[in-house]
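Sequence lines, in order, name chains Z and Y.
One point on numbering: in my numbering, the residue at position 139 of the first sequence is 139, and numbering is uninterrupted.
One point on numbering: in my numbering, the residue at position 312 of the second sequence is 312, and numbering is uninterrupted.
Take these hints with a grain of salt, some might be off.
Identical copies carry no separate label here, and so any pair may be met within one copy or between two of them.
Once the Cα atoms are required to be at most 30 Å apart in a straight line, the calculated BS3-like pairs of lysine-lysine come out as [stated by the list, open to error]:
id, residue 1, residue 2
1, Lys448, Lys56
2, Lys56, Lys441
3, Lys448, Lys216
4, Lys216, Lys56
5, Lys216, Lys441
Derived by calculation from the structure, the hints in this document are not laboratory data.
Protein chains: 2
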Amino acid sequence: MNSDPFIEELRALVGDHGLLLGDDMTPHLTGARYGAGRARCVIRPASIDEVREVVKLCVREGVRLVPQGANTGLVGASTPDASGGQVVLSLSRLRGHCEIDVANRSVTVDAGMTLWALNERLEPHGLWFPIDLGADPSIGGMVATNTGGTRLVRYGDVRHNLMALDVVLLDPPGELAHFGSALRKDNTGYDFKQLFVGTAGAGGVIVRATLEVHPKPRQSATALVVPASDEAVIALLEALERDLGDFFSAFEGMSATAMRAAFEHVPSLRNPFAPEPVPDFAVLIELESSSSPQYTGLELQETLNRFLEAHFDTLVANAVIGDREELWALRHSITEGARRMGRPIAFDVSVPRSRMMDFRRAAGAMAAARFPQLVVVDFGHIADGGIHYNLIWPADAAVAYDDATVAGLRDALYAIVVEDFGGSYSAEHGVGAHNLGYYAKYTSATGKRIAGGLRAMLDPQGLCGTVDLSAGG
Amino acid sequence: MNSDPFIEELRALVGDHGLLLGDDMTPHLTGARYGAGRARCVIRPASIDEVREVVKLCVREGVRLVPQGANTGLVGASTPDASGGQVVLSLSRLRGHCEIDVANRSVTVDAGMTLWALNERLEPHGLWFPIDLGADPSIGGMVATNTGGTRLVRYGDVRHNLMALDVVLLDPPGELAHFGSALRKDNTGYDFKQLFVGTAGAGGVIVRATLEVHPKPRQSATALVVPASDEAVIALLEALERDLGDFFSAFEGMSATAMRAAFEHVPSLRNPFAPEPVPDFAVLIELESSSSPQYTGLELQETLNRFLEAHFDTLVANAVIGDREELWALRHSITEGARRMGRPIAFDVSVPRSRMMDFRRAAGAMAAARFPQLVVVDFGHIADGGIHYNLIWPADAAVAYDDATVAGLRDALYAIVVEDFGGSYSAEHGVGAHNLGYYAKYTSATGKRIAGGLRAMLDPQGLCGTVDLSAGG
Numbered sequence: 001m002n003s004d005p006f007i008e009e010l011r012a013l014v015g016d017h018g019l020l021l022g023d024d025m026t027p028h029l030t031g032a033r034y035g036a037g038r039a040r041c042v043i044r045p046a047s048i049d050e051v052r053e054v055v056k057l058c059v060r061e062g063v064r065l066v067p068q069g070a071n072t073g074l075v076g077a078s079t080p081d082a083s084g085g086q087v088v089l090s091l092s093r094l095r096g097h098c099e100i101d102v103a104n105r106s107v108t109v110d111a112g113m114t115l116w117a118l119n120e121r122l123e124p125h126g127l128w129f130p131i132d133l134g135a136d137p138s139i140g141g142m143v144a145t146n147t148g149g150t151r152l153v154r155y156g157d158v159r160h161n162l163m164a165l166d167v168v169l170l171d172p173p174g175e176l177a178h179f180g181s182a183l184r185k186d187n188t189g190y191d192f193k194q195l196f197v198g199t200a201g202a203g204g205v206i207v208r209a210t211l212e213v214h215p216k217p218r219q220s221a222t223a224l225v226v227p228a229s230d231e232a233v234i235a236l237l238e239a240l241e242r243d244l245g246d247f248f249s250a251f252e253g254m255s256a257t258a259m260r261a262a263f264e265h266v267p268s269l270r271n272p273f274a275p276e277p278v279p280d281f282a283v284l285i286e287l288e289s290s291s292s293p294q295y296t297g298l299e300l301q302e303t304l305n306r307f308l309e310a311h312f313d314t315l316v317a318n319a320v321i322g323d324r325e326e327l328w329a330l331r332h333s334i335t336e337g338a339r340r341m342g343r344p345i346a347f348d349v350s351v352p353r354s355r356m357m358d359f360r361r362a363a364g365a366m367a368a369a370r371f372p373q374l375v376v377v378d379f380g381h382i383a384d385g386g387i388h389y390n391l392i393w394p395a396d397a398a399v400a401y402d403d404a405t406v407a408g409l410r411d412a413l414y415a416i417v418v419e420d421f422g423g424s425y426s427a428e429h430g431v432g433a434h435n436l437g438y439y440a441k442y443t444s445a446t447g448k449r450i451a452g453g454l455r456a457m458l459d460p461q462g463l464c465g466t467v468d469l470s471a472g473g
Numbered sequence: 001m002n003s004d005p006f007i008e009e010l011r012a013l014v015g016d017h018g019l020l021l022g023d024d025m026t027p028h029l030t031g032a033r034y035g036a037g038r039a040r041c042v043i044r045p046a047s048i049d050e051v052r053e054v055v056k057l058c059v060r061e062g063v064r065l066v067p068q069g070a071n072t073g074l075v076g077a078s079t080p081d082a083s084g085g086q087v088v089l090s091l092s093r094l095r096g097h098c099e100i101d102v103a104n105r106s107v108t109v110d111a112g113m114t115l116w117a118l119n120e121r122l123e124p125h126g127l128w129f130p131i132d133l134g135a136d137p138s139i140g141g142m143v144a145t146n147t148g149g150t151r152l153v154r155y156g157d158v159r160h161n162l163m164a165l166d167v168v169l170l171d172p173p174g175e176l177a178h179f180g181s182a183l184r185k186d187n188t189g190y191d192f193k194q195l196f197v198g199t200a201g202a203g204g205v206i207v208r209a210t211l212e213v214h215p216k217p218r219q220s221a222t223a224l225v226v227p228a229s230d231e232a233v234i235a236l237l238e239a240l241e242r243d244l245g246d247f248f249s250a251f252e253g254m255s256a257t258a259m260r261a262a263f264e265h266v267p268s269l270r271n272p273f274a275p276e277p278v279p280d281f282a283v284l285i286e287l288e289s290s291s292s293p294q295y296t297g298l299e300l301q302e303t304l305n306r307f308l309e310a311h312f313d314t315l316v317a318n319a320v321i322g323d324r325e326e327l328w329a330l331r332h333s334i335t336e337g338a339r340r341m342g343r344p345i346a347f348d349v350s351v352p353r354s355r356m357m358d359f360r361r362a363a364g365a366m367a368a369a370r371f372p373q374l375v376v377v378d379f380g381h382i383a384d385g386g387i388h389y390n391l392i393w394p395a396d397a398a399v400a401y402d403d404a405t406v407a408g409l410r411d412a413l414y415a416i417v418v419e420d421f422g423g424s425y426s427a428e429h430g431v432g433a434h435n436l437g438y439y440a441k442y443t444s445a446t447g448k449r450i451a452g453g454l455r456a457m458l459d460p461q462g463l464c465g466t467v468d469l470s471a472g473g
C-alpha cells in the first residue's frame, strides 16, 4: 500500500502487476538516447478498457500522462520530466490482440506489440511490416513517431501504411475513438487518424492500429559501391531508380570517416577496400524482389552487377559484391564505431535529395571552420534525403566536451539544414524534449496556431504526451 | 459594368478576363455527374496573390466561395448551390508554375494545372504522376478529393504522393500557408497538409502542391482472366501479390452484365470470349515494370503468362492474352455501355478485399429481391477493395424511373456496404452535396466534433467549399 490515494486508485484499476513504483520504474524513466526524469508511478494497463479508466482518472485529477511504448525513441519523447509529478502510461502489456487478414493484406494489433513480434506473426503468411529499424519499437510508438527506416524509399513510412487507429481521448475523458478502416480507398472527409501520427503522443493515447502489410522479399542484391565522384552519387541514385525502380530498396551513403570508425573500432568487421585506402564516400545499394523467380526468371544480384558494370567509370569507380550480411554489418557498425571514438553529437536531418551532396559540403565546411576539434561521421538514407550527420567529440581532443559548444553546433547545423537547404531538423526521430526548442524556432506561427486549436479541442488541460506542439518553447 | 459593387470590386482584383457572368458561367455551374446550381459570379484569379485578394474580399463580405478545379468531380463538390449567392472560385487559370526537380523525383505545380498537362511536362524526364483516372482533373481538385484510380495498389492515392501544399486560409483572411516540404522524411509534429486532403475544399483554397513523381513504366503485361470460381478471385489476387508483387499494378474485376453492357452497346469492341458465352466474372490483370530489360532480362508478358499457366484449372479457368489497348478498351467501355442500357444509378464503394465477393453476393441478393427491375452492372478495382457497384434502370423497364425508389436503393446498398461489411460509401469520389446525407449518417459523433473544431478554427464563418463536415446534414 502507498500513502498516496491517487496511486491506490490507479492500482485498483490495473492490479498490483500493472503498477510500478520505486526502483521498478527505472527502465521507464530514461530514454534510449535522451530524456531522464522522475515519475509519480508507471502504470501498465493490460486492456483498452483499463487504458480508458486510467485516462479518465488522470483527467479528473489533472495529472500529466506520458504514453510510452517500448521506450526506444531517440528524442526524449517517451520519458517523464524531472518534476516527479507525471505518470508514465506504459502500453507494454497491451499486446494481446493481433488479427491478420491475409486476403486484405492487413493486420490489426494492440499498441504494445513490438515490430519484431509482429513480424514473427506475419512470417508464416509470407508477409511483413517493412519498416526497417535498428531498434524493436512498439507499434503505438512507431505511429506516434511516424518511423521511417532504411527501406522507406520502397515502402514508405508508418503514415503510408496506416489504415486505422484506435485512440483513447482525453475529452471526453476515456472515450475510445476509432478512426479509419481496413480499406485502401475511403474518401469520406477528414482522415482523422493523421492527427495522431508523428505527434509524440499529443491528443490521445494510441491503443490499436490497423496496418497494411507487404509480401516478404524472396531475393535481394547488395553492393558496396564507390561513386566515381561527388556528383556521381545522386546521378547513380537517379539511374538506379530509372533503371531498377521496381526493386530499389536502399541507398545508404557512408563517408570515409564513418567507414573508418567502423573498421577501426569494430574488430569483427573486414575492410573490403584494404589494402587500398577507404574511399571518400561509398553507398550500400540494395535491391529486393518479392516475386517468384519461377515466373520472372530474375536473378537480382546478376541484374545489379550488370547495372554497375554498365556504369563503370562514368558513375561507379569501384564496387564490392559480397555477402549481404557482411556488407550491412559495415553500415550497422558505424554507430558503435563512432561511440568508441568519443562522444557522439547526433543529428537526424534531411534535405531534398537533389541538394544532399551540396549540404554535406556546406555542413562540413562549417564544422571544419567553427568546430575543428570535432570529427564528422555521417551516414544515412540518401535515397529519401535523410542523413545522420553525426559529429564526434574525440575522447582525446585537446578541448574537453562542453554543452555550450554543442548547443552552438546544433544551432549552426540546423540553420544550414533548415534555412539554407529547406531541410528538416528531425527527419525520422520525431519531436521530443530534446529538440523542442528547434520545433519552436522552425515551426510557422500558423502551424503552432493550428496545433494550439487541436490541443484545445483534444486535450484542453494539456495532459497527454511530453510535448506542447502549440508552443514548443 | 455590373450594378453589383461587390462584383466590381472582384473585377478590379482579377481584371475582365478573370470574371465570368451570365451565360459565360454555364460550364462552371453543373458538375460532371451531380450538382447544378447558380452563382453570383465565377472568378478566375491568375496568380496566388489574386486568390489571396479574392479570399480577403469574400471573407469581408461573408460570401460563400466554391473552389473549383477542372470540375470533373462526381459528387457535386465543386458546383454552387441553387441560391445564386455563392461565388465560384475557379483555379483554372492558376497554372503558370511547374518546377520539376528530377533528382528529388518531385514537382511543384499550381493548383489549376491538370493531370495530363503535368504528365506531358514530366514525360521528357521519364517520370509521371501515376494516379490513373478516366478524367483530366486539376491537381488542386485531386488533392481536395484524394483521388485514387486504377493503379492505386502500386502507387497509392494522392495523399501517399503529396509532399507539400500551399493553401490560402480564410482566417486570417487571405493568409498564404505553406505546409510540408519537398522531403520524404520530416517528422516534426503535425502533418498539417493532411487537413486539406480529401476534404472537398473545406478549410482553405489549395493553390499549389509538391508531389512525389515516379519512373514511367517501360513494359507492361496484360491479361483478361476468367477465375475458376468465385472463391478463386481473391485467391488469384493473393497469388499475384505474393508471386509478382514487384510489378502488380491493376486487378480490375468485371461482372458478366458489365462486360455484356460493353460488348452489346459499344460496337467497336471485339468480344474475345465469342462464340462462348460471356463468363460470370473476369479480371483484367496488369503488371508494369519501370526497370530496364537490359539489366533484368525480364519479359513481363512471358512472366504473366507463366504465372497464369501455373494456376490453370486451380485458379484460372480461361485467359485472354491480347493487345493491351484492346483489353483496356473493354474495361473503359463499361460506363458507356451501361449508359446506353438505361439510366445508371452509380455507387462508388469499397469493402475489405477479403470480403469483396461476399459483398457482391449480398448486394446482388438484396437488389434482386427488392429492386428486380434493375440490372447490376458492377466493375472495379478489386485489389484495393473498390468497386463501382452500379445499377441500371433499363430504358424499357415495366416501371418508370423514380427518385424515391433510387433513394431507397441507396439507403439499402450503403447499409450493406458500411454496416454489414465495414466498407465505405465513397471509396474514391469524395464527399459532396450528392452524398452528404450519408456522411451525416455514417460519420462518428467524435469525427463531426473534430471537424467542427477545425471549421471553427480555419473557417469560422463557414465560407469555403460546398460541404460542412461538422454536420453534413
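Results for each hint:
1. Taking CA atoms no more than 30 Å apart as the test, Lys448 paired with Lys56 passes in both settings, with 27 Å inside one copy and 22 Å between copies.
2. For a Cα distance limit of 30 Å, the shortest separation of Lys56 from Lys441 across copies, 28 Å, qualifies, whereas the shortest one inside one copy, 34 Å, does not.
3. For the homomeric pair Lys448 and Lys216, neither the shortest alpha-carbon distance inside one copy (40 Å) nor that between copies (39 Å) is at most 30 Å.
4. For a Cα distance limit of 30 Å, the shortest separation of Lys216 from Lys56 qualifies neither inside one copy, at 41 Å, nor across copies, at 52 Å.
5. Proximity of Lys216 to Lys441 under the C-alpha cut-off of 30 Å is found in neither arrangement, the shortest distances being 41 Å within a copy and 40 Å between copies.
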